[in-house]
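J.: Chain residues, written in single-letter form:
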Amino acid sequence: MSMLISSTINGDTVDFICEPDETLMDALRNRVGLKGVKEGCGTGDCGACSVHLDGKLVCSCLVLGAEAEGRTVETVEGMSDGAKLHPLQTKFIEHAALQCGICTPGFLMAAQTLLENNPDPTETEIRYALAGNLCRCTGYDKIVRAVQDAAAVMRKKSK
Amino acid sequence: MLYQSPHTAAEAVDLLKKSKGSVHVLAGGSDLLVRMKGGFIEPDLIVDIKRIPATQQIKASKSGFIIGAAVSCAELAQNKALVKAWPGVVEAANLIGSDQIQSRCTMAGNLCNASPAADSVPALIAANAEAVIQGPKGKRVIPVAKVVTGPGKTSLKKGEFIEALKLPSGSAKSGDAYLRFIPRTEMDIAVVSAAVNLSIDAKKVVTDARVALGAVAPTALLVPAGAKALIGSKLEEEALEKLGAACAKACNPIDDKRGTIDFRVKVAKVLATRAAKAAYARAGGK
Amino acid sequence: MNKEVKIPKMDFKSVGTRPIRPDGVDKVTGRARYGADLDLPGQLVGRVLRSPHAHASIKKIDTSKAEALPGVKAIVTSKDLPDAPAKAAGLEATLENCMARKKVFYDGHAVAAVAAIDAKTAKQALKLIDVEYKILKHVTDVDEAADPKAPVLHKDCLTRGVKPKPVKASNIARVSEFGHGNVKKGFKAADIVLERNFRTEQAHQGYIEPHACVASMSPDGSGELWVCTQGHFVFRQQCAQLLGLDESKLRVTSSEIGGGFGGKTHLWLEPVALALSRKANLPVKLVMTREEVFRASGPTSAASIDIKMGVTRDGTITAGEATLRYSSGPWVGSWAMLGAMTSFACYDLENVKTVGKEILVNRPKTTAYRAPSAPMAAFAVESMIDELAAQIGMDPVDLRLKNVAREGTRASYGPVYGPIGIEPSLEAAKIHPHMSAPLKENQGRGMACGFWFNFGGQACTDLNINADGSVSLTVGTIDVGGARASLSLVVAEELGIEYEKVKTVIGDSATLGYNEMTDGSRGTFASSMSAIMSARKAIDVMKQRAADTWDVPVSEVEWVDGHAVAKGRKKSNRPPLSIADIASVAEKNGGPIAGHTEMVADGAGVSFATHICDVEVDPETGQTRVVRYTVIQDAGKAVHPTYVEGQFQGGAAQGIGWALNEEYVYGDDGRLQNAGFLDYRIPVCSDLPMIDTQILEIPNPNHPYGIRGVGETSIVPPLAAIGNAVSNAFGVRMTHVPMSPPRILDALEKAELETA
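Residue numbers (the numbering used here), protein chains in the order written: chain A, 1 to 159; chain B, 1 to 286; chain C, 1 to 756.
Hints are not guaranteed to be accurate.
What the hints assert, rightly or not - With a Cα cut of at most 30 Å, we get these calculated BS3-like pairs of lysine-lysine:
1) A:Lys56 to B:Lys80
2) B:Lys20 to C:Lys65
3) B:Lys59 to A:Lys56
4) B:Lys277 to C:Lys149
5) C:Lys102 to C:Lys127
6) C:Lys123 to B:Lys20
7) A:Lys56 to A:Lys159
8) C:Lys137 to C:Lys102
9) C:Lys149 to B:Lys257
10) A:Lys56 to B:Lys20
For the record, the hints were derived by calculation from the structure and aren't laboratory data.
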């Protein structure tokens, strides 16, 4: 039996219908139209579908759409401030931290969570914080550098 | 299929008891949803226990800790008293999956999934943890070691669910540690794992110990002979060798995609020894 | 080295800079549309029913119950994709792979497909399709399959390439041979001769985006296909052939592609989606699950290589010989042939012989994976060279340098090399600080070389000059890693304008002539050559327009820094005309300005690399980590150095994953045991160090800017580099990839027993 779910998604109140066994990932992609949420595996191994649920980093493929009732969801579509990109978004482009780009939304979500909790992470901390996001193109080198650079920019701004 | 998210344990028990067909309890969902995606299960009812207040709390008292079944593993690491008392248990729980998984996965779920390779279970068994079970006949408490009966199987009865896990209070002279072997640095399931929990006296002699192994048998194993090898020792070479031998003897693993019998037995010895040293150091031994 | 290298252009202004890519913002904001991101009105959900058996004949398929399920709009089986058109086009194996005919050949082989109103209904319908199988004996191991006693996949498979032609069917589908000189004589001349068998397991490309497409066939017989592919022209041609359509009737649009690495050069789902749409008269979206990607889309070959090499005490390699067995899946490919061609390509050998054998197995059809077949051959050869060096007490880099291929060397696979980069990459490695950095306990350092052919092929581009002076470039090669930026740079360079003024897009299959796929490291090489030609044609038009304006012969007009300049004495006081000056008045003097090119981009120029790698091994568990890694590779000319580095790093990371952990694990039942990212273990971020790169630029004389392809070679050396590093740390020779912890621990223990 379909359910009517009411959530706050990227700052807006959004009602969507979903099946009780439908994942939040499918609901966001197919019911709400947020295609920036990517499916790479559907089993929590690749991180491409990462979103923030009540401020916590989760794989939306491992959350039921029904669980989002009354909760807040943030996706990559809500990351920039209008046309003004988040420093992570800017640095990912500048450092060529993406080649094909399919993993990028998930990496951005994970990196944002990392930098909120740890504004000055070491390379090792960055690597472990991003271990839940698979990238097959870059070898991660440029991703780590982009996060380091974005962290520096964000620290400067917050001073 | 139906999804329900009751607000009390009684409601949850009622739903579980009356349900027909395939019914599953949802805590973190990091195993349940994977099994659904793979088509291994097709639930008729999912009971989400996260909105029951008791499942969301960590309560510390003189007698120990009560950890709600829906407390995420990430939250465990933020509880300083828990980390201080049971660093090995928290470490084990924090090894499960990525940061994304950590926001969701729970120790109770890890236990009920009943995988022989579950990371938190050997640590919980070594720590002598107990499970608080809610059911049609009220609450009951059993050792964690009695929950899992085989791969994918638990001793929980119809209508029952785990509401919380109980850990004893730690002491200054005790320490625990958990180590697992995975081929990568993250994201893998344990190929073999070992947990050691021990206490020492003023002379740094081990007075009490519990040793548990994961992924070497159908369920996580308590290895009393391993504990015996440590008790009375200061972790001298001889004691560690005996520990290793006891662990190797207790192993009853399989060959599978994740590892061979031979490899698991060899590495079980290595990890048990390393975990014993780490636990000993945490207890103040070295 | 005396041959004149003709590189007309050397003082670059745009090429070699690092601007941001045009698709960047879309990709960091979630706007970029990939294979699964398009929804069409009335779209149905497709799903594929797959064989649970490794090898079976199909007795019966009953779809009646599924057809009766409300919401099911179409079901297709082999009947809906008939054999005749495929046979006419020589695509029988492609069709059979997309939809099983009388037999299933691997776990995951498609047997039927359904289109329904939603995912739930489609899933239910799959369960209602009744397939009766007769299970046959299967074989998944490459060496077991080559055994005469193995179950034979195709009763009509008589080995090609051997004389006399065999009369008995086997799984050895084809044999190919390369080399020159006399290896017997060569081995006789050697002081040391070593022989070994090396094995590598099957690896998957592991792109993060599963195969996905949206097919829409109209009742008028025309159709559209939206698909993540490395080559939409090839997909159009093959799909049209399989469905019996004129190519003009099928318009294929390539989505953004979420990684391919060779895996998206073959058809899997697309003809099935088109057949479903044709039957349902509605658009159908068909997306693979991750499990399907592993079970039923193309991995690379598993390989077993017998190798023999001889060396004199002074370090001359007197002969090299290899027999390479590569698994090909259930149908013949050219994988062993490529292995046989690449094996000894880095070296100048007097006597060399390689024999490639294509072996049929009950595994998914082998597909290209980044420099396909070369990494396995390099693992064998480069491991062996290190071992030979140790035997004669010579530095492994020096032994390689002593035997290295140079301009004029006749390659082991036939041709004579032009200017090439293997010697410079070895020289660079020799003096690289990485080579002399201290190592810690339980660490070892290894190095290895790699080769890849590169490819050129057909290209077609369309360059349009807009009235405001901006430039639109349309290409037909898929951008897999930043090619749109590189091609804009090349056009900006040629026209003498700013990078920002050029926007490159990928045209759909109706907008351009045929383009080959983005494979063989050809994307930037071939499309840049074509784009440069298009720009030059547009310049010619603009010069003519300027000449007309000034009323001078065109011979008196030059193109300088984005402007037409009058060079004759009489008119040189005229101010130069910019592109905008010329284009803004196009309507008055000849209409739109454009440059079109249709060409075969010959002369791709081969590619070489040398890698250096440090590993750390836990001797008690066999766990191995790469702690430092350096890639040195020839790029010809790096158009966008950051993206060149990205290719070097990405290829190295894939090679590291393959070397250490990635492998297909089959059970005794012939079923794939690890069809997911949990147990098919590609490297995660915390597994890897930073990957240092050094770009060498030995210009390719066949390209106007000296460009060589850079995409593939970087995956070739890592298997051997890591094997050599482990060997140097512990004195054990690793001969089986992946060098997983159990294999390393075993090797260490065996070595200990031998020395005890």
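J.: If a hint holds in the structure, say so; if it doesn't, say that too.
T.: Going through the hints against the structure:
no.	hint	verdict
1	A:Lys56 to B:Lys80	holds (20 Å)
2	B:Lys20 to C:Lys65	holds (26 Å)
3	B:Lys59 to A:Lys56	holds (22 Å)
4	B:Lys277 to C:Lys149	violated (53 Å)
5	C:Lys102 to C:Lys127	holds (21 Å)
6	C:Lys123 to B:Lys20	holds (23 Å)
7	A:Lys56 to A:Lys159	holds (25 Å)
8	C:Lys137 to C:Lys102	holds (16 Å)
9	C:Lys149 to B:Lys257	holds (27 Å)
10	A:Lys56 to B:Lys20	violated (34 Å)
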